[in-house]
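Generate coordinates for the entire structure from the input sequences, incorporating the hints supplied.
Sequences listed follow chains A and B, in order. Residue numbers for the first sequence follow our numbering, so the first one is 1 and each next one is one higher. Residue numbers for the second sequence follow our numbering, so the first one is 525 and each next one is one higher.
The hints are simulated quantities; they were obtained by calculation from the structure and are not laboratory data. Glycine included, C-beta positions come from ideal geometry on N, C-alpha and C. You may find that some hints are simply not true.
To be verified - Per the computed footprint, the stretches of chain B lying under chain A, defined by three or more beta-carbons under 8 Å from a beta-carbon of chain A, are:
1. 531-538
2. 561-574
3. 890-896
4. 915-923
5. 959-967
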Amino acid sequence: MKRKNKRNRYSAEEMRKKRKLKKQKSLADRINIIVLLSTIFFGTLCLVFLKRPTHSELENRKLADFPKFSWERYFSGEYTAELSEYFNDTVPYRDDIHELGAYLKKAQGIKSDDTYIFHGDVAVVADDDGNVLETEEQVTETQKPIVTESTEEPDETSPASPVETAPPETTVSETETEPEEEQNLSEFSHNGIVQITLDNKPAGIMLFGGSEKQGIRYAETINAYKEALGDDVNVYNMIVPTSVEFYLPDKLRKYSASEKDNIEKIYSHLSEDVIHVDAYSKLQEHSNEYVYFRTDHHWTPLGAYYAYTAFSEALGNTPLPISEYEAKTKEGFVGSLYGYSNLIDLKNNPDTFTYYIPPVNWTTSYYDYKTLAFKYNGVLFHEYVEGENCYGMFLGADAIHTKIVTENKNGRKIVVFKESYGNAFVPFLVSDFEEIYVIDIRFFEKNAVDYIKQIGATDVLFLNNAFAANTSSLISGIENLLYSPFGTAGGGISAETTAASETAETSVLPQETAAPPKTAAAAQ
Amino acid sequence: MIFADLIFIFIFLPLFLICYFAATKKTLKNLVLAIFSLFFYAWGEPVWVLLLIGSALVDYCNGLFIGKFRGRKIAVLGVISSLVINLGVLAAFKYSGFIVENINLLFKTNFDVPNFRLPIGISFYTFQTISYTIDVYRDNVKPQKNFISFLMYVSMFFQLVAGPIVRYSDVAKEIDRRSLTLSDFNTGLVRFIYGLGKKVLIANAVGELADKYLIFDITPNSTAAAWFGLIMFTLQIYYDFSGYSDMAIGLGLMCGFHFPENFNYPYVSRSATEFWRRWHISLGSFFRDYLYIPMGGNRKHQLLNLAVVWFLTGLWHGASWNFILWGCYFGVLVILEKFCYGKLLEKLPKFISHIYMFFVTVIGWGLFYFTDLTKFGKCVSAMFGFGDIPLTDELSKADLTANIFLIAAAVILCFPLFRFIREKALAAEEKSGAAVALFKSVQTILLIAILGCSAVMLASGTSNPFLYFNF
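Take a look at the structure:
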């Protein structure tokens, strides 16, 4: 009896304790539920009510649009897929979130100075000496595009449309440049990106996939231009090596095909009538200088200058020494390689962007690629650009056709066919030519030969980086311009262009002269 | 729609929870669940959602038919109709292309190869409805009279797209009568977030690495690269699949359903037989209860039974020879273990059976990964140093160091360490209030971190593949 009582008392106490613990646990569960659900609901509110961006500075591209509904697209599953894409692509503060994601990725492992970080689908494409493997064609062509976001053709007309109303020196060109950067990376037959250490700083390098077959096709396309243009027009070809050629550590040689071999192969298939411009040797000679960006896939204006000296010599001119130009600097340039790879070390070690203003006078006018209609007079150097957009300084953008008229009355007129590497190069041409026409291969739609003949060009330069000269779609672009049926509308083109250049002389000259004299004075 | 998606976590789920808990009556709750499930399915399959509803309708009728004629011979017609229709649908959508392709190859004929896109989750929901009619026929469960309730069971978005295969008998009672406790809801929510982390933070990250090494054109870069790639895939498929199952089980719990477990640390197994008791448990037990045992189990022609079961297990995973080979590979191993060296394996020191299973699992996943068998051959020969291939390469070295913490965590979490800690914590919580406060707050903080990191990773658009289109 006594014992039983004791047990009861004991268990009563235990029961009380248990009840208390149970209460405590249920309270903890309640708190857990409330905290987690509020976190989710907070996320909901942010995603629904915060402003969604339409453009990414980081990746330099326009973000996905809200899809348009139609039953057809709904039943095909496109609509919901695009809605998901829109929702994920335009997350509020997306660039900051991407940066956070980059830090999380970095936290997954260790990175020291003698290790590399690879991004994208990297494959062995060469032997240890950089000789391309035999089946290399397969390798580059089956490579999945690494950019998962839409790589659709950017709408060339819509970003340019505000130009007509806005004065040139607004932020217009920032929006114009955006499609180009993304295109470059996703279009090129590249082989991923590797982060190395260069002069104690992290540097991104695009690995070269290379494709001899495409390179030869490129050469044949240029030959066809020369044939179509005849002896009256000098045709120059310049293939620019990229940073992978000079800075890739030997250990990684086999992940990148040799651009030198590739360029030589292309030159060996070029007709003798096409004048070769050897940018490779000049850049190699100066490769210990700051000729390529560490965070961007482009060359620096200084690199472009060295290539220009090769071109100027090929013209028979003496290039101005770089000291004659007015050098200006912008800090904090974080280029495409970060936006593309999310390698956070690149973001934290931005490039210095130095550009050079030529000591001569010129005027710049811009035209629509589709119609060749005059759009506005503007500046060649869009000096207001900052940060991610620095490389967009030249020519305003790719998506608009540029004409430069200089005070050199030497009668030489050049048409430059280029991809974005040409942007940093073109400004140097103002000391050699009277008129410069810049055509981005990816946007022009008229028949190129007709166009060249109509404007009476004396020289034509094809300027492409090694990746571009191996990229099927770009080569097709050059081919299409040659055979483009639009050329039959030729009379119209010349009328439009001349009309446009007249306007340039009359109406907007004062605005343009405001900039160059100042710089010219400063340089002298 | 998939679980590991911003729209699901931050829009669909909150809306669903609000509506579900706003509905007070059970029938209304079931209706809410059915509507949200159909919407969920229609997001990815705007057309084939009709097939899902049709399939549910057919088996709803079959169930009623069997129930009406229970005990009479004619009732078997309901089962036959269910089998023919479900397996017919599965064959038409999943296997018709494969069958015609092989007939063309074999008889040099030239039939047009049908090219249906596989409706998501069809392999899961057809099996679920088959289990229903058979269980009704066997009198394990009563036929469901309410179509909405039945449709809700078939379409329940928790397990619809990636399992587990929840049998009707598992949830029969809970469909009509379920009590939701605070503790269940909490456990479910916790489970869901852990599953999300498994999928987004581990599976997606190692999956990106796996693809990088396994999508090769000529040969893998090196012996180390081939091993690295396949081990990453081994990790990916476990975290991906079990992460989905965790999310499904968690969501079920949040709504008062108790689903069976689908994974039980498969990579600690010491034999292929044990592996299949721990991997995709709901599939293995489905084949056991609805095929192996009815065929005679181990009482008559056991070898034939095993052969059929493993052939079909392989085939179920996809209409391609490599999946069939993968199933047969495990079939052969299970048979060998049963009749040859199973006992020996048990007696040998543990580490030997673990090494054996390491090779069995990794190579098995190789067979599973490569639909192109020549590539599988190249990968395996590279792994064992055949061919002119270097031992290591800079790329795999770089990726190993750049992801070393991730990989270490992924490997460690394959073992029941986490469960061990949780059990210790639970035991301590039984004793002291301080332990409750400590462990629960640590867990809450950990869960917020997982949720936040997962959201960031999903929003920053790193690859988020969906592995189950084949199933």
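Outcome, coverage hint (the stretch 561-574 of chain B, chain A; C-beta under 8 Å; three residues): holds (count 5)
Is the coverage entry for the stretch 959-967 of chain B by chain A consistent with the three-residue Cβ rule at 8 Å? holds (count 5)
Examine the stretch 915-923 of chain B: at least three residues should have C-beta closer than 8 Å to a C-beta of chain A. Three-residue rule met by the stretch 915-923 of chain B, so holds; n is 6.
Verdict on chain A covering the stretch 890-896 of chain B, criterion of 3 CB contacts below 8 Å: violated (count 0)
Claimed coverage, the stretch 531-538 of chain B by chain A - three or more beta carbons nearer than 8 Å: holds (count 6)
Consistency note: the structure conflicts with earlier hint 3 alone.
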